[in-house]
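J.: Below, each chain spelled out in residue letters.
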Amino acid sequence: AQTVTQSQPEMSVQEAETVTLSCTYDTSENNYYLFWYKQPPSRQMILVIRQEAYKQQNATENRFSVNFQKAAKSFSLKISDSQLGDTAMYFCAFMTYYGGATNKLIFGTGTLLAVQP
Amino acid sequence: DTAVSQTPKYLVTQMGNDKSIKCEQNLGHDTMYWYKQDSKKFLKIMFSYNNKELIINETVPNRFSPKSPDKAHLNLHINSLELGDSAVYFCASSLAGGAAEQYFGPGTRLTVT
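Sequences listed follow chains A and B, in order. The opening residue of the first sequence carries number 1 in our numbering; numbering runs sequentially from there. The opening residue of the second sequence carries number 1001 in our numbering; numbering runs sequentially from there.
Simulated from the structure, these hints should not be mistaken for lab results. Treat the hints loosely; a few may be bogus.
To be verified - SDA-like mimics (lysine to any residue), calculated; alpha carbons at most 20 Å apart, straight line:
no., chain 1, residue 1, chain 2, residue 2
1, B, Lys1044, B, Arg1109
2, B, Lys1067, B, His1077
3, B, Lys1009, A, Gln44
4, B, Lys1040, A, Glu10
5, B, Lys1041, A, Ser7
6, B, Lys1044, A, Thr27
7, B, Lys1040, A, Gln44
8, B, Lys1019, B, Ala1100
9, B, Lys1071, B, Asp1085
10, B, Lys1040, A, Pro9
11, B, Lys1044, A, Leu47
12, B, Lys1044, A, Tyr25
13, B, Lys1040, A, Leu112
14, A, Lys55, B, Ala1100
15, B, Lys1036, A, Thr3
16, B, Lys1040, A, Ser22
17, B, Lys1036, A, Thr96
18, B, Lys1041, A, Val48
19, B, Lys1041, A, Lys70
20, B, Lys1036, A, Arg43
21, A, Lys78, A, Met89
22, B, Lys1009, A, Arg43
23, B, Lys1044, A, Thr5
24, B, Lys1041, A, Met11
25, B, Lys1040, A, Thr87
26, B, Lys1040, A, Pro40
27, A, Lys70, A, Thr27
28, B, Lys1052, B, Pro1069
Okay, chain A solo, but in the shape it has when bound (with noise of 0.2 Å):
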């Protein structure tokens, strides 16, 4: 079975530094999706960047960008520039292709980002 760890329950960065959010992942697939997802207090869930496993180069989205490295199995986030509107809950997500005509994503427990004045 996949799992998705996310080994930093809190972190906290002053506002235009540089935060790297960790994850790691376990699976025995060779093909998959990993994400990031931000929830802010509003609790919506919103993507920020989605990396696709068969991809060696590492997805990037204005501010945000990740180091993906597929035999550490890790994909940790970076955020430039931190904005306070950064402030929020992280989950990283792994995308498992489940027989067809849907598939699931499992999540980790989730980093909460502080961005500081």
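Fit chain B to the known structure of chain A by using the hints.
T.: Here is chain B on its own, set in the frame of chain A:
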């Protein structure tokens, strides 16, 4: 334009009652999901439906019964509510197959007293 909507957003009820949560998506997706987020913020899938057919049932108690009247709707009915059912329930939808992105609703906070 709300993509995935849930009603109600908050639900407070007593143990033993039966309640339903409704979900609707206007994205034209054919796959819908229910996830549960517990008090420690842990998210776990409960069910998924594709074209009104149940695909995933993650060892959820029989008291939980999803129903999909059409592709755009997935409701969750809970019988004989227990204290441990208190959680936030998220509906999500996606296109079928591959690594289609899942779009989440705003969540329903269920509190059982």
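J.: Each hint needs a verdict: does it hold in this structure or not?
T.: Here is how each hint holds up against the structure:
For the proposed pair Lys1044 of chain B and Arg1109 of chain B, the alpha carbon gap of about 15 Å is at most 20 Å, so the pair holds. Under the criterion of a C-alpha separation no larger than 20 Å, the hint pairing Lys1067 of chain B with His1077 of chain B is consistent with the structure, at around 8 Å. Distance check on the hinted pair: Lys1009 of chain B and Gln44 of chain A sit about 12 Å apart at the alpha-carbon level, within 20 Å; holds. Taking the CA atoms of Lys1040 of chain B and Glu10 of chain A, the gap is about 13 Å. The hint holds against a cut of 20 Å.
Under the criterion of a C-alpha separation no larger than 20 Å, the hint pairing Lys1041 of chain B with Ser7 of chain A is consistent with the structure, at around 15 Å. Restraint check for Lys1044 of chain B and Thr27 of chain A: satisfied, since their Cα atoms lie roughly 17 Å apart, inside the 20 Å limit. Restraint check for Lys1040 of chain B and Gln44 of chain A: the C-alpha separation of about 16 Å stays at or below 20 Å, so the hint holds. Note on Lys1019 of chain B and Ala1100 of chain B: the hinted pairing is violated, with a Cα-Cα distance of about 31 Å set against a maximum of 20 Å.
At most 20 Å may separate the alpha-carbon atoms for a hinted pair to count; Lys1071 of chain B and Asp1085 of chain B exceed this at roughly 26 Å. Of the pairs offered as hints, the one joining Lys1040 of chain B and Pro9 of chain A holds, with about 11 Å between alpha carbons and a cut-off of 20 Å not exceeded. Proposed proximity of Lys1044 of chain B and Leu47 of chain A is supported: the alpha carbons are some 16 Å apart, at most 20 Å. For the hint linking Lys1044 of chain B to Tyr25 of chain A, the alpha-carbon distance of about 16 Å falls within 20 Å, and the restraint holds.
For the proposed pair Lys1040 of chain B and Leu112 of chain A, the alpha carbon gap of about 12 Å is at most 20 Å, so the pair holds. Simply put, Lys55 of chain A and Ala1100 of chain B have alpha-carbon atoms about 16 Å apart, close enough for the 20 Å limit, and the pair holds. At most 20 Å may separate the alpha-carbon atoms for a hinted pair to count; Lys1036 of chain B and Thr3 of chain A meet this at roughly 17 Å. Distance restraint check for Lys1040 of chain B and Ser22 of chain A: the Cα-Cα separation of roughly 19 Å lies within the 20 Å cut-off, and the hinted pair is therefore satisfied.
At most 20 Å may separate the alpha-carbon atoms for a hinted pair to count; Lys1036 of chain B and Thr96 of chain A meet this at roughly 18 Å. Taken as a hint, the Lys1041 of chain B and Val48 of chain A pair is honoured in the structure, with Cα atoms around 18 Å apart against an allowance of 20 Å. Between Lys1041 of chain B and Lys70 of chain A the alpha-carbon distance is near 27 Å, which puts this suggested pair outside the 20 Å criterion. For the suggested pair Lys1036 of chain B and Arg43 of chain A, the alpha carbons sit about 13 Å apart, so the restraint of at most 20 Å is met.
As the CA atoms of Lys78 of chain A and Met89 of chain A are separated by approximately 14 Å, the hinted pair is consistent with the 20 Å bound. In summary, the hint linking Lys1009 of chain B to Arg43 of chain A is supported, as the alpha carbons are separated by about 11 Å, within the 20 Å threshold. With a C-alpha separation of about 14 Å, the suggested pairing of Lys1044 of chain B with Thr5 of chain A holds against the 20 Å cut-off. Of the supplied pair hints, the one linking Lys1041 of chain B and Met11 of chain A holds, its CA atoms being roughly 16 Å apart against a limit of 20 Å.
For the hint pairing Lys1040 of chain B with Thr87 of chain A, the CA-to-CA distance comes to about 18 Å; that is within 20 Å, so the pair holds. Between Lys1040 of chain B and Pro40 of chain A, the direct Cα distance comes to roughly 15 Å. Compliance with the 20 Å bound is thereby established for this hinted pair. For the suggested pair Lys70 of chain A and Thr27 of chain A, the alpha carbons sit about 11 Å apart, so the restraint of at most 20 Å is met. Straight-line distance between C-alpha atoms of Lys1052 of chain B and Pro1069 of chain B comes to about 7 Å, which keeps the hinted pair within the 20 Å bound.
Hint compliance for this structure: hints 8, 9 and 19 are not met, and every other hint is.
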